[in-house]
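Fit chain B with the ligands to the given chain A structure using the hints.
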Amino acid sequence: MTKHVVIVGNGIAGSEAAREARRVDPNARITVLSEESDRPFSRPGLMYAACGQMAPADLFPFGDAPATRAALTGVDVANRRVLRLDGDPIAYDALVLACGSRPRRPAWSGIDLAGIGHFVSWQDLVWFEAEVHGHGIADAPIPGASDSPYRARPARQGHRPSHPVVIGGGLVGIEAVEVLVAAGLKPTFLLRDDAFWPIALSTRESEVVVERLRHDGVDVHTRVHVEGFAGDGRVEQVRTDGGDIACDFAVVAVGVEPHTRWLADSGLNFAHGGIVVDATMSAAPGVWAAGDAAALPSPSGHRPWPLWYAARDTGRVAGVCAAGGLARWERGVPTNAARLADMDYLTAGEMDGDATWFDEERGPVHSTLRIALRNGRIVGFTSLGRRWHVAAMAHMIQEGWTLGRVLDALPTAAFDTEFVTPYRPTSNAGMRP
Amino acid sequence: MNQQGTIGLRDDRAGWRQRGASAWALSALLIGSYCVLYWTNWLDPVATALGLRHKWFLYGALYTLAMGFGAIGALRRHGNSRYQRIRIAVNVGVQAIFGFTIPFVLPLVDQPEAYLSYFWPLKLDALFPHSLAEMPMGLAVWSIGGSFILAPFAALIWGKRWYCSWICGCGGLANTFGDPWRHLSSRSPTAWRFEQVAVHATLLIALLVTALVWVGQLQGGAAGATGESARSWYGFAVGSLLSGVIGTGLYPLLGPRTWCRYFCPMAAVLGLAQRAGRFRVAVQPGLCIACGNCSTACEMGIDVRAYAMADATFTRASCVGCGMCAHVCPRGVLRIESTTRLHPEYARAGHVVVDL
Ligand SMILES: Cc1cc2nc3c(=O)[nH]c(=O)nc-3n(C[C@H](O)[C@H](O)[C@H](O)COP(=O)(O)OP(=O)(O)OC[C@H]3O[C@@H](n4cnc5c(N)ncnc54)[C@H](O)[C@@H]3O)c2cc1C
Ligand code: SF4
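Quick mapping for you: the protein sequence lines, in order, are chains A and B. For the first sequence, the positions run 1 to 433 when my numbering is used. For the second sequence, the positions run 1001 to 1356 when my numbering is used.
Derived from the structure by calculation, the hints contain no laboratory data. Incorrect hints may have been included.
Which residues of chain A face chain B? A partial, calculated answer using Cβ under 7 Å [as the list claims (entries may be wrong)]:
#1 S42
#2 P44
#3 G52
#4 Q53
#5 M54
#6 L59
#7 A337
#8 R387
#9 D408
#10 L410
#11 P411
#12 A414
#13 E418
#14 Y423
#15 S427
Note that the Cβ used here is the ideal one computed from N, Cα and C, for glycine as well.
So that you can see chain B by itself, here it is in the shape it has in the complex:
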């Protein structure tokens, strides 16, 4: 009944959540399914038989279902927090409406396949000259404005969470279907360093590929061929391999945010905005008991406890603002927030006095 994020203690020792044999089997199954989806046409007849036109709609339907059922599980665990209830409901709703229903229905009513979709650089197509030219005017403006103004600006105000854990389909799957594995994200300093390099490297590659495609589509000829091959290489390496096969396939082994944390170029852009903006994880000084619930629950592998023990309110570029650290903290030490009002700096009444 409380809106507060109470933990609801539970026993999580099941092997499928703890890298047991069942987790490996599940991971193999997911990876196998992605390979079949991306590189065979075996699923097309299944999709047709189900009235879903082609394999991508079958995938969309399964994806939305996985999110829906995952959301039920996630809400059973965390639904005692109002933040989690609203966030997960919005995220699943966005996927069901914008991710599946609209794209599926538009051709049925003879409308062009133009709808609100991902922004650049998550979807490079959003900014290619040919695709922009094909869009209705409004949508082209939305595509450009959304990518360069709306998305980063909103991240300045609310942090990247407005996108990564409220809207995005990848984040949505991670926080519903992938939620049982959130504690597996690596907290090692090496993983952090790799994350910083990898996520910005993918962003640079995305920029480069976009530039090549632009030059190619405007000039045609040899440049056009280069652009096309860059585009299809990017689609294979980043779109299929990193976001699908590795990103989702390894949920049961590496945690659900592998793609978001290490490779998503959109997360890189939003992370930079977040660092410059006002989103923060507020820490109450002197209250942490070092239990580690927050760090364990962090799907981005942030060692929240280290900040809490150092009484340091912080903003990390990778934080997707899922709110789980504050939710599980048994002492009310943490609060994710993006208000302009800072907590009044009340004097800390009596503690160690060090005079060196």
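If we strip away everything but chain A, and leave its shape as in the complex, we get:
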């Protein structure tokens, strides 16, 4: 009998799950359901379409892999059915929940005013494009729940914002800022902390990024607590503890949370909003979860790990297991890469060692390098402004190399483009308290 594998979500986790399920069971019937879009697209690539460097159609990594559009409202685990807003329930033999995350929406006064939004979904891109450029992007949203992150939002067209504001100093926030800069605007960037992205960057690294943003005309404010918005129909001001800030377009980027509220009655277990899974991504009999929606096993309990890389890998595991194969996910050495104010950012391992080695190069290449050590052995590596072979870094961390050995091996791990002056520690390089 052919098995019916139903996959909720065509993000990277759902798409990889579908590919793996097909590989493991060539005869299975596989249904991919998505409220957001017909075709899988690269969420981390959204900003490049928003700034016009690419066309929206360039964001589709799997070409034409159409999903069935459906807004789902729950799962009946006992009877193996997913429930949808319009139409009959869909029966499954195996279910993969790869329903991703949604932007966090603080209970601020006036947050529903026009001109305020997020930068996470395809519909956000459409809204952003219309607000910032007055262009339309083809989109056919389907009716969803009233609080769905995939609902189309009306946008003011044909006016460029004169006072754009981005709230929230994380990766999505800085991307929204960079898109506005590319559009020739000078956004205000409101950060709650003393520095940009302090959970990942050291003070000096944050300063380097903020210096670059300021150089591009971004008005960066630190230690600002947003209290709400004011305006008559459309946003006119951001209310903060330090006074009102003029604003006619605001992006709220204060983090994401698993998009699992619609699963509240399913009887699944949740941790920090994510669906609790084991190393095989199994959540309940016949149910697997993966990607941003899952709470993955970690040394400190189950937690969501909302990263593209984790979503891709856990999606593969869930796809194999749901189709009847065997696979297991291992956390390994965490790695991540990003681009911050046009500087390559790369990190591996954990940065909470008992000692830190730091170097900053200035000159033709502006870069910083930070190595976290515990008992004299490398546990983490963070670099801005240069490219490194990330597997090499992970390897050194896994094997617990000493600082001397790491520094000796750095040339073999360089991945800079050709003709970039090779990295050599500067005279300022050394241990930092």
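Using the frame of chain A, we list chain B with the ligands on its own:
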């Protein structure tokens, strides 16, 4: 200030770069200009009035200027990468010196018109018996040795980029004047298949025409006439139509490398050498976020992202090594390289474990 290839995000929505009406108009203008150049003498008086002797020097001057101004634009977009700065400077320099100045100046100082020029099969004349006989000895050796030894050998070592995106005038125009349209190159599998057939077919035709001309020039008579007509037919179909009218005229609609990708016989030879050599686009495993910047920026229509997502370091015959995929990749996944040192195969620390 960084030598690294930072993107420098920008807004590219202008219609002339996105097949808008202005792009069609520009394309029509380019095609029209090429027709006037190739098939009328209208430009000769203009050239004489400007002191440029004949229309071909007027064309050479305009070509070099287009490259120069295009280079300014290309460097504004990509000049934050040192690879791009050096590459574009060399390419424009070669055109200005070897492509225009030397050929223009030699007759002025009463020297024979013998200078370093294109190799066979880009320039079939380079290997015809009569033209070889007229060359000074050194140049004839250079012509033969360059075509059969130097060019393919260098492609084995550095990939075809040493020629296609550092030296060649066609490539130079594509990467300067044509740079704003690089994202238009088709990524469809059909285009790839057409490319494989078309580029090798042109190479075979070039071989055939060369053979006919050889036989003709050595035997004379009827064979000589056949050779001459093959040569002039090739000059019309490949030299004028494909490389000029279509190749350059369609920049604003099909991207700047139409000639190089689908028809250039030199690219076909160098591509074969490149496949056998050590040039590669190195991919860091597990780092790609599928954003598509690399594929969008590829002027040869290579779907770089597909390789990057599959963690596959690759060499494609068509890749001209312009380096733009690595330049625009926002996660540092890609690196074009031809070093002998491979990246150490560090164990991938912890990922999916599939045990089927
Ligand atoms: C702007 C931005 C930049 C980012 N950059 C990076 C980066 O550089 N590096 C990195 O590691 N991570 C990055 N991330 C995070 C990364 O994109 C996510 O971790 C990843 O996309 C999660 O994939 P997923 O498949 O789990 O879920 P998602 O991509 O969120 O997909 C969720 C899917 O579920 C479907 N769905 C959800 N609920 C329902 C429902 N009720 N009914 C029907 N369908 C439903 C949706 O239609 C959608 O298809 C970024 C995120 C954003 C927003
Ligand atoms: S290789 Fe780089 S540019 Fe290409 S899709 Fe992946 S992350 Fe994007």
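Consistency of the hints with the structure:
1. Annotation: S42 (chain A) was flagged as interfacial toward chain B, and the flag holds, the nearest CB pair being 4 Å apart, inside 7 Å.
2. The restraint placing P44 (chain A) at the interface with chain B holds, with a minimum CB-CB distance near 4 Å, inside the 7 Å limit.
3. The criterion of a C-beta within 7 Å of any C-beta in chain B is met by G52 (chain A), whose closest approach is roughly 4 Å, and the hint holds.
4. Given the 7 Å rule on beta carbons, the hint for Q53 (chain A) holds: about 6 Å separates it from the nearest Cβ of chain B.
5. Taking 7 Å as the C-beta cut-off, the interface hint given for M54 (chain A) holds, the closest approach to chain B being about 5 Å.
6. Checking L59 (chain A) against chain B by beta carbon gives a least distance of about 6 Å; that is within 7 Å, so the hint holds.
7. Because the closest C-beta pair between A337 (chain A) and chain B is about 4 Å apart, less than 7 Å, the hint holds.
8. Interface restraint check for R387 (chain A): the shortest CB-CB distance to chain B comes to about 4 Å, inside 7 Å, so the restraint holds.
9. With its C-beta approaching chain B no nearer than about 13 Å, D408 (chain A) sits outside the 7 Å limit, and its interface hint is violated.
10. Proximity of L410 (chain A) to chain B is violated relative to the hint, the smallest CB-CB distance being about 12 Å (cut-off 7 Å).
11. A least Cβ separation of about 10 Å between P411 (chain A) and chain B goes past the 7 Å threshold, and the interface hint is therefore violated.
12. A least Cβ separation of about 9 Å between A414 (chain A) and chain B goes past the 7 Å threshold, and the interface hint is therefore violated.
13. Evaluation of the E418 (chain A) hint against chain B yields a held restraint, the C-beta minimum of about 5 Å falling below 7 Å.
14. With a least beta-carbon distance of about 11 Å to chain B, the hint placing Y423 (chain A) at the interface is violated under the 7 Å criterion.
15. With a cut of 7 Å, the hint placing S427 (chain A) at the interface with chain B is violated, because the nearest CB-to-CB distance is about 20 Å.
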